[in-house]
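Participant: Sequence:
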Amino acid sequence: MTILPWTTATLFAPLEPIPPDYDVDKLIADLTHTMVATGVVGIAANQVGVPYRVCLLATAYPTVPAAIIALINPEILGYAGTLDLEAEGCASFPDQWLTTLRHREVYVRSVGRGREWFGPGRARIAQHEIDHLDGITFHERARRVTYTHLSLEGS
Numbered sequence: 001m002t003i004l005p006w007t008t009a010t011l012f013a014p015l016e017p018i019p020p021d022y023d024v025d026k027l028i029a030d031l032t033h034t035m036v037a038t039g040v041v042g043i044a045a046n047q048v049g050v051p052y053r054v055c056l057l058a059t060a061y062p063t064v065p066a067a068i069i070a071l072i073n074p075e076i077l078g079y080a081g082t083l084d085l086e087a088e089g090c091a092s093f094p095d096q097w098l099t100t101l102r103h104r105e106v107y108v109r110s111v112g113r114g115r116e117w118f119g120p121g122r123a124r125i126a127q128h129e130i131d132h133l134d135g136i137t138f139h140e141r142a143r144r145v146t147y148t149h150l151s152l153e154g155s
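Here the working numbering is used: position 115 in the sequence shown is 115, and no number is missing along the way.
It should be emphasised that the hints constitute simulated quantities derived from the structure, not laboratory data. All figures in this text were calculated on a predicted structure; none of them were measured in a lab. Here a beta-carbon is modelled for each residue, glycine too, at the ideal position from N, C-alpha and C. Be aware that a few hints might be false.
Claimed, not checked - Here are the simulated distance ranges between beta carbons:
| # | residue 1 | residue 2 | range |
| --- | --- | --- | --- |
| 1 | A142 | P14 | 16 to 24 Å |
| 2 | D23 | L83 | 18 to 26 Å |
| 3 | G135 | G39 | 23 to 31 Å |
| 4 | F93 | A37 | 13 to 21 Å |
Starting from the given sequences, assemble the full structure and let the hints guide the process.
Facilitator: Written out as structure tokens, the structure is:
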């Protein structure tokens, strides 16, 4: 599977729950292969052209199949902890890093996993990937940050 660029319309539309007769195991295997091959820490089905609510999160880096969690039809139930302002990237927006504000902890419910808590790091990835499933890109979560560039001419 190929990760689609930001110009793809499916990245901007909320996705439908995965149908019961869809081969979710094959989709998860294909998404896992794509994650490992590209070295990303998360991926949503719409990033590869599949219009259903499935996303994967890495629990370790570098990404290996044994350290990947699949979330099927996930929904965020609530947030906890502080908000963190950090740089974030996205495979559909290559070479772009934006500063985004995300909750440090998040509670998620998904098919087959029930309710679970994600702490720092994983919570950011879960929010990013579930945003994809809701048709929200990280550009919509970005915060304006001003950088001062210093000239070192003549040094």
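Participant: For a quick check of understanding: which of the numbered hints are violated here, in increasing order?
Facilitator: Checked against the structure, the only hint that fails is number 2, while the rest are satisfied.
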